[in-house]
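Peer 1: So the chains spell out like this:
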Amino acid sequence: MSSFFKFVLLVKDTLISQVVSLWKVFMHLFVETDTVQYPEQQPHMFSRWRGRIILTRDPDGEERCVACNLCAVACPVDCIALQKTETEEGRWYPDFFRINFSRCIMCGFCEEACPTNAIQLTPDFEMAEYKRQDMVWEKEDLLINGTGKYHETNFYRVSGKAIPGKDKGEARNELPPVDTRSLLP
Amino acid sequence: MAWEVGSGLTISAILLVVIVTAAMLIWVERRLLGFWQDRLGPNRVGPFGLLQVVADMIKIFTKEDWIPPFADRFSFVLAPAIIMIVILMSFSVIPFAPGLGVVDSNVGVLFVLAMASLGAYSVMLGGLASDNKYALLGSLRAAAQMVSYEVFMGVSILGVVALAGSFNLREIVIAQEDGWYVIPQFIGFVIFLIAGIAESHRLPFDIPEAEQEICAGYHTEYSGMKFGMFFVGEYLGLVLISSLITVLFFGGWNGPEFLPPIVWFSAKAFFFIAFFILLRAAIPRPRYDQLMSYGWLFLLPLSLINLLVTGAVILLEN
Amino acid sequence: MAKVTIDGVVYELNPENNLLQECLSQGLDVPYFCWHPCMGSVGACRQCAVKQYRDENDTQGTIVMACMTPVSDGAILSVDDQQTKAFRAGVIESLMTSHPHDCPVCEEGGECHLQDMTQMSGHNYRRHDKKKVTHRNQDLGPFIGHEMNRCITCYRCVRYYDDYAGGTDLSAQASHHHTYFGRFEEGTLENEFSGNLVEVCPTGVFTDKTFSENYTRKWDLQVAPSVCVGCSVGCNITPGERYGTLRRVVNRYNDEINGYFICDRGRFGAHYVNSESRVRGARDASGLSIPVDDARVRLDAVIDEGNVIGIGSPRASNEANYALRSRVGVENFYSGHSDDEHEALEIIVNALRDESFHCPSIREIENADAVLVLGIDVTNAASRVALAVRQSVRNLSKDLAQESKIPVWQDSAVRELAQDKLSPLAIFSVGSTRLDDVATFKVNLAPDGLLKAAVRLDSVLSGQSADDGLVENELPIESLNHISEALLNAKNPLIICGTSAGVEMLRIATNMGRSLGAQRGAAVNLALLPTESNSVGHALMVREGNTLGKAFERIERESIKTAIILENDLYRRAPSANIVAAFELLENRVVVDHVETNTTKAATLLLPSTAFSEQEATSVNYEGRAQLSFQVNDCGTSAKTAWRWLFDEKSHSPEGVIKKCSEDMSDFAKLVHCLPKAGSLVAGMKVPRQSHRYSGRTAMSAQANVHEGKQAVDEDSVMSFSMEGVYPQKDASVLASPWAPSWTSNQSISKFQSEINGALKQGQSGVHLLSRSGKGSKYEIGALETVTQGLQVVPAQHIFGSEELSGHALPIQERMTDAYAAISPKTASTIGVQAGDFVRFRDSEICVEVCVRVLVPNDVVLVYAGNRAAGVHFNLRDIERVEILERVETAPAMPVSRSLGLGQLLVNDLYEERG
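Chains X, V and L supply the protein sequences, listed in that same order.
Read the first sequence against this note's numbering and you will find it ends at 1223, with the numbers running on by one and no gaps.
Read the second sequence against this note's numbering and you will find it ends at 1755, with the numbers running on by one and no gaps.
Read the third sequence against this note's numbering and you will find it ends at 1541, with the numbers running on by one and no gaps.
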């Protein structure tokens, strides 16, 4: 008998809870909706939004990407493929840089992995295409004429590699090249 | 042709209105759910998104109507038709207004219950014919659920029948001119309400098709218009249960004179339709075993007690 | 075994080794830089610090360098001690003060020992805010890139290059933190083993230039265990592929063969796979390309017509040779060696079957304590053997060290002790060799004199008196006595000879082996080196008497309609006139090959085959050791592996062909043991060729089609063309590229070794095919004639250029020279030529540049025939063995695409500097 009583109590409690939730949900009829009427009404995009991926240039106007492959290896869906090449003077840059946006999940790992701030995600999310093939973007499509979100980064000014306009010993925090014939301390 | 029970015009009108209402419910439900979830719901096709139904219909008609090669073709095609037919048949005994109905049957209540029982075959056949483990599980659940809740549904109405002294739905409505049966038969009403949801396997009792557990249950393999028939069948069931509640417990077309009876009927029915949608928006789905034990261990004794008390009261009054 | 407690765990360690090596053998992670398993310890980097305690009660302990500490019984040590950890972190922080911010643009990144050790030591944040020391780089030639800023001064490079490989042009310069590793003046690193600097350098100072041009990170390379096809040693290598091209080759550890090092021909020569001169499709007689299916139908048609002979190849795999042999019939299968090479191979194979001899592996050559090299320049013929011989001469110093109770791993101490004392190395050669700098005895004579001297040495060795007045070209008999003494007194003497020394010299070499064996009463180490990767395997398949010359005779005599020539350029094997004559008689000349040669030009039906990295195949090295090489990638063209043209493709798998091969031929019965052992795969899953972090799979080919195709399925082998599968855990025979948690560089191989420098765990180092039985007798050496007129022609071998395939590799071409004729200054003045002039061989159109070398005997002309792939070249067999040179007034216009000159000629005895 007591078990039946408990059961009734349980039913009563749960019933009340059901009724309360019914009421509360019903009252949402009078709450203003959160929906934004896109595209007539444009949503506010935050600058850290992870949307369309771009390749940026350093403050000198040169390609920031050094083709280190770290974005490609960080990519969980393996949608970045690139090939390193270098200029006559030894500056590394990607021969091709391809993102298959039909695979991209906009996770931003590539941006996290990038040691030169070259690859960046932007607040642009309007990337739909009628043909899937059009979602394969090459370097020409990705590379912009600016620094993107990070204005200062200039990898080759820090790296020890010599490039045109920055010889050995001219990078940040470097001494001039050693004269190996000298025995002076 | 005349507006009278059983005339061709009436039948066609009722058929048309019922089906259109069921179809429109697709839009109504989505919009209402939207509002309750602080969204807007479909509002792009036509004014207020009203033509969403048309868009959906076009989509569903033009979709590939595919029958899996491993399915049993005959029962696979038959299953969705059954649910449509039995529910539409049930509407034949509903008294919408004075002079508005298909038949004026003396065993209306029993007819409705009989049709509801037949409805179980639809989901069972659908699931079995699909030859798919999720479909089979879904149809197993559906069979158990529908057979069980039919019992309480029947028992819960018996109080009303006893009060009205008739199985004729039209007479039950007329018997409520002085007072709705929801008051003397409140427990019966609650049980009927719950059993009604279970019969039409609407949320929160959509256990036979619980997406998160068994894909889409008995209609996993269905597509195109055959799926559409299951889909619309569900909304027809919703309309039917709401109509029955209105007829059995809320006085049918009865209401103050300033509005015509059909409007009262529709308003009451729509109220319950909206209530069912609210249930869907607010109440989570119980577990299958919970549903069964709740039915057999709680609803059955309760409905029997209700019937007993009603009988006693009637006997005492006499 | 010594019981040593390390961090509370008792280990049984080998007391002959140092502590670092033993810790690594036990799988403990102790960071290190300057120590290398092959080069011993010098204690330069201070990174392998561990704490040593006097006894159980000692809580203070002393920090010692593990690499400089001998293993002693009962020692108590700690690797995990906090103070020691802080010490190691401090050391690496100091090493890193001037290390540039380069990792993203460094070829070493991702497989960098410095990165690993920095992580392991816990240094992750730069505190040093002073300026970094910088250096200017040098151009070190076509192979090696130089980025000196990255140096952490561990001295491994000079210790390897100078001390181990015998290089002379890399040195440590300047002092203190200005220390600079480079050449005195910019220029090509000359040593034949310079490529190993890439793997020896723990950071990115020395990098693979050819790899950098098409750089790919280690994890992005598709790799498979492979075997080098550059010479007859069969070094184990790991080629890496990306985007359809071969990107690089690195050493693959095999304790019995190449160990940690390979030669530059193997490392950079494999780039021939990407060469323009690859055969990419089938062609008919008119040179028009035809579909593969048509080609197949035509091939079947000409074979069905009958009257077919097949000519095999020493650079084709066993399976390809076997397929041709079974298709045309044993009696119609002819040797692809030239007739003298064929005869030489018979001697070599007989020696391999003879109980009197033991053919040493590279590791065993390193342990020899007296070496006799007969008639070949080992460095240019089978380079890896030369590197081993170079180690063998240090065995005396190791003996001396043991006498003085100095552990042999105390590298600099041992070197100080021995100074310039070397184990005996005697070299009989015509002209100089690249091992002359470590030779204790040198016999430099014209071929006729050299043979006589060798015969004489043989009689000295066999105890006969040799005082019949031989003083051939000022060779004192004492020298021969000294050599004989050294060989007889040695614990482990070794005789090395090779095909390029000539048949007579090979006979004498085996005779010497028998003489030496008779004196010592034990099997003698005898290494007879063929020139090509599968010379021995091919020779074993040819029926006795089926030489190439016999094939030509038969074409002339009988109505042979068709010859199928397998991966062979006959113009390297026989005089051009003979070939042209034979080709004219043949109705069908079917050539199966993967590079364009003069033979493919003459083909009436050319069938494209695959290069070594595109097929699964076995080959047999100079020891008779058969090894399996896996396919790295799909060739991407319509080319098929050679045997697939000849066998019904559908009913054969590589495994099936190998099995048939061992069933059919008794010599190859053990070939099946090359295959990975059954059950070595985890849960039957394949071994992936791609690393677990292979990137870009969904974008690599997206420019062509965004819908990715199905992963290529390898139905043939135990490896998969994808990331799917399980990495080798038990069987290291399918271990292509070592990797272990926190060990990304090639140093991670220690995790797969049973002990440092030892065998790979469950690894496979090939199968010796031949078993020895019975003792043969000495060859009869006929009367040796003395040439009195004309110059004796001696073919010169060059590591870069003498081998056919590697000549197609662009980096190798940069180190190749044109064909030349080298003569002594006296001969030059007799003929009236100077270095840079051109000479013509008597009665022929062949003109080559003259090169005057001091050490060439007076009546000899050393002839280098060039390589067909680039530069001036000719068919060596078109000239006689004795020639008269005529001066040519004006340099002839040679029909070559690119003249290379002699600028890259690397010899020690040039008469004068060229302008």
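Simulated from the structure, these hints should not be mistaken for lab results.
All residues carry an ideal CB built from backbone N, CA and C; glycine is no exception.
It is possible that some hints are incorrect.
What the hints assert, rightly or not - Calculated cross-link-like contacts (lysine-lysine; reagent style DSBU-like; alpha-carbon spacing at most 35 Å):
| # | chain 1 | residue 1 | chain 2 | residue 2 |
| --- | --- | --- | --- | --- |
| 1 | L | Lys1377 | X | Lys1206 |
| 2 | X | Lys1177 | L | Lys835 |
| 3 | L | Lys1227 | X | Lys1204 |
| 4 | L | Lys1303 | L | Lys1404 |
To be verified - Computed, partial: chain X to chain V, Cβ under 10 Å:
| # | residue |
| --- | --- |
| 5 | Ser1059 |
| 6 | Trp1061 |
| 7 | Phe1068 |
| 8 | Met1083 |
| 9 | Trp1087 |
As the list claims (entries may be wrong) - What the simulated footprint calls covered on chain X by chain L, stretch by stretch (three residues with Cβ under 8 Å from a Cβ of chain L suffice, anywhere in the stretch; the number is not a length):
| # | region |
| --- | --- |
| 10 | 1047-1056 |
| 11 | 1096-1103 |
| 12 | 1154-1167 |
| 13 | 1207-1216 |
Peer 1: Would you mind marking each hint as holding or not holding in the structure?
Peer 2: Hint check:
1. L:Lys1377 to X:Lys1206: Given that 35 Å is the threshold and the Cα spacing comes to 38 Å, the pair is violated.
2. X:Lys1177 to L:Lys835: holds (25 Å)
3. L:Lys1227 to X:Lys1204: At roughly 51 Å apart (the allowed maximum being 35 Å), lysine 1204 of chain X and lysine 1227 of chain L break the hint.
4. L:Lys1303 to L:Lys1404: violated (41 Å)
5. Ser1059: holds (5 Å)
6. Trp1061: Result: holds, 8 Å to nearest chain V Cβ.
7. Phe1068: holds (9 Å)
8. Met1083: Hint violated; methionine 1083 of chain X Cβ to chain V Cβ min 20 Å, cut 10 Å.
9. Trp1087: violated (21 Å)
10. 1047-1056: violated (count 0)
11. 1096-1103: violated (count 0)
12. 1154-1167: violated (count 1)
13. 1207-1216: This one holds; 8 residues, not fewer than the three required, reach chain L with a Cβ under 8 Å.
Taken one by one, the earlier hints fail for this structure at numbers 1, 3, 4, 8, 9, 10, 11 and 12, listed in ascending order.
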